[in-house]
Amino acid sequence: MSKNVAVSTQGPLRSAGMPDPPSPYSISSTSSESSAPSTSVPGPSVGGPVEKGSVTDRRRAESLLVAENISKRFGGIAALSEMSLTVDRGEAVGVVGPNGAGKTTLFNCLLGIEIPDTGRIIFDGKRIDNLPVYKRARMGIARTFQRLELFSEMTVREHLLLAQRSARGRVSLLADLINHGSASKAEEELADHLLALLKLEDVADTAVDGLSLGHGRLVELGRALAMSPKLLMLDEPSSGLDYNETKALTKVLEQVREEQGVAVLLVEHDLEMVSEVVSRLYVLDFGRLIAEGMLDDVLSDTGVRQAYLGQVASGEGQR
Amino acid sequence: MPQIVVYGLPGIPLGCIFALIAVGLVLAYTTSGVFNLAFGAEAYAAALLFYVAVHAGWPKWAAFVVSVVLFGPALGLAMDRYLFRHIRTASTLAKLIASLGLLIAIPRLTEVIFGNAVRMAPPSLILNPNHIYFHLGSYAVSGIEISTVGVTTAALIVLIGLFGFTQLGLRMRAVVESPRMVQLTGINADRVSMVAWVISGAFASLAGVLLAPLYAQLLDYNFTGLLVSGIAAAAIGGFTSLPLAFAGGIGLGVIQEILGGYLPSGSILSSGLQDAFPFLVLVVMLVALPSLKREHETNDPLASCDPPPPPLASTLRNQSFDRWTRYASWTILFIFVLSVVTWIPGNWVFTLSQGMVFSIIFLSITLLTGMSGQLSLAQATFAGVGAFAAGQLADHFGLSVIAGMFVGGLLAAAVGIIVAIPTLRMGTLALALGTFALALLVGSVVFPYSWAGNGNSGISVPRPLIGPVSFQDDRAFFLLSLVILVLCSLVIIMIRRGMVGRSLLALRSSEVAASTIGIDVRRLKIMVFALSSGIAGIGGALFASLQQSVSPADFSYDLSLLFVVVVVTAGVRTVEGAIEAGIGYYLLLQIMDFLPARYSGGVILPILFGLGALSYARHPEGLVEFQKRVWTERLLRLRDRLGGTPSTPDSDLPDEVVIPAVHHPPATG
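Sequence lines, in order, name chains A and B.
Using this note's numbering, read the first sequence as starting at 1 and increasing by one per residue.
Using this note's numbering, read the second sequence as starting at 1001 and increasing by one per residue.
Bear in mind the hints are in silico, worked out from the structure with no lab data behind them.
It cannot be assumed that every hint is accurate.
[Unchecked claim] Here are the simulated SDA-like cross-link-like pairs (lysine to any residue), alpha carbons at most 20 Å apart as the crow flies: (1) A:Lys-135 to B:Ser-1510; (2) A:Lys-199 to A:Ser-228; (3) A:Lys-135 to B:Arg-1523; (4) A:Lys-135 to B:Met-1494.
Please build the complete structure, drawing on both the sequences and the hints.
Structure (structure tokens):
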């Protein structure tokens, strides 16, 4: 399906040497279509707003995650402006953009770490924008962090067991006092399975403090998967990893998706990794959506290349 | 002149002192991130120095130069140079505990140096304190009021001059805005914070010297108590604004005096509400001010590079060693218990029971501080709630003390929840200050009532009676305490090993990550705080039953502070640390009883443990625990050398554990 390719007018604006959009509210990725005929978009573009609307409606019913018009300002800075995003069940979606584009803010808004100023978020058919972080987690949203956030002094296996228990909201004082909350057979099995899947058996009973960054990322991935999530959000999983480690991580991710059928929302700098994992892509710049669509279409788009790679547009992108 | 002005006028000199305290606190806090609880101790030490010098016949100006111009700034300098500068990147908890250690140690150190004579009628700085110099309307203005207001104004002018008109002041204002930004522009923030500490020290000593003549006797207790007023004033300025903190101090003093004027005099309510007022202001500020929610936490990007905490001694021992120590410890424990019930003299049995009862209270600190990383400065108050509840229930309703103990524990837990809900989500500092204020408030407003602690005379509490078994005898009571201590220890151990304990570990490492795996952080924290206060309440009730008579003085707020440093020094991360702390402290106290009062356990032990707590930032597992690890390692090495059996890899330090690299795809594939 290439219906949902939409590219904004940011391309020509940028090439004309005007980095700052005139108003955060005047242009959104969908409405800008008709008003910007000058942009020569490679690949098919969407028809009219009407058709687009119907697609959105259908998406809202089916999609796992629907975020609409999310805006977040920090003082005078619009970290996110009217960002909309959908993730279908089992789908892998990427979010790319240069540093400061608002990727992490988007993540934090979706998770409830930041409260967005406007917009609404629907997950699994329920509105979640008023829920605290832990309730969203219990509904099936798991994440990893760009800078490792592991629990020091705990072993890898303990991470996996705790995440299973807490994601179901079953951490109880009483259970601890009866049998110090020891894991059930099913919990042990899932932990063992994840350890094998992530090839972490060798370090299963090592405290995470001594682990390398590459291992740490895998433990975070395992901790997220232990929650049996419906949506897995990965925040720059390749940062700090070398080429081979990134390759290995990509491979593991593919395996996980194949096996668990979990939807993935990937924020990433490494376009190579993105192109191997996701099928659909959103591109952010200065807190606004500048393109969305199927992977290849978006990557070949001029505006995206300019924003992301800083290339000066050649003739085709200009008047 | 209207009545309200007459009531309010004497508040101005008092407010001036609050303001001096507040300004000193804010200065140190903003430039170094340390909330300096030791400020009260600094003030006391300077006031004592001034007193001693004046009584040695020195002219007042010379005493002033020594205590305020030289000593105060030097103390501030030393605190920055040798302690706080080195723990700038440490957690709020570590900084608080370090300042707490000083708050405990400094007054006792002065006692060792200058003796513990009763010091009546502290001298005033200038002018005759009691002489009436002039009348303001119908209000008679005494010398002490003039001197306080005058000196404070002078100090303020010096500070304004320093801040407003010098290069240094400019830098300091910049550091207050953003220390990191300042360092990026090439200014040595270390030097700037050093200057701030020097000024803070000068303000502390000035406040101390001015404050002393307001009381009939020079006591460190008064200085620590006034700290809360200073903290409340600082809170009005959001802990960052100097002018607001200053104005807050004056306003607080005036309103406090007006309250005192209008409330019926002589009642507990009047004196109590005056004490409570700063507490109420502090709590309202902690809850209301949004700027306070963002804690002044140094977010050093390199903080996560700190090495992981060293392993506990118990994790070092390998299997055979473990078995050996387990047999040995069970045997020793058995012989110990047998000795207690047979031949050990009665007063030592009593001391040992005391130690065990305090171990129970200390376990509440293990749970709260060691496991969840929070700091409460009201554990003695919670113990008091348990004690008085059990005593009153036994007295009025004939409830068994054992049952009363659990009711007392529940009541303490309930009080804990009431304090925890508003303050916990504001972070470590807010909880510590909130509980500190609670301890003062309950101690002065609630405990004196006859339905609670019954003032100085206290209440009597019976020894428990379970069916036909009486625990009237000290040896029988020892066994009861032992059983309850073991039960409480088991609860803590089960929690630590269980999922709640792991959730707490998770919380300490990363609150955000903990909530993203579905942990309800707030509920967990409140639950642990309630459980901790409950355990303290149970311990307090048992203490009351052991003593058979308790009064509010047994649970005064300064005891809570002492508890924290004792447990932290012994080892706050382990159950055995709490038990060592409890039994060790009270045994040592008894053993050192024969020493002259100046060097008795009550003086020397707080110094040792207070100074021991300074190392918390470096040895969060506790000094005693650290030494245990060192000696275990030595023993293991010695055994290897003698026995020739190489130690197993698990007895090595974790950095020597071989960790295989991440699995790479085969080069050919």
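Structure-based check of all given hints:
1. Among the hinted pairs, Lys-135 of chain A with Ser-1510 of chain B is consistent with the structure: their alpha-carbon atoms are about 17 Å apart, no more than 20 Å.
2. With a CA separation close to 18 Å, the supplied pair Lys-199 of chain A and Ser-228 of chain A stays within the 20 Å bound.
3. For the hint linking Lys-135 of chain A to Arg-1523 of chain B, the alpha-carbon distance of about 13 Å falls within 20 Å, and the restraint holds.
4. Proposed proximity of Lys-135 of chain A and Met-1494 of chain B is contradicted: the alpha carbons are some 27 Å apart, above 20 Å.
In this structure, the one hint that does not hold is number 4.
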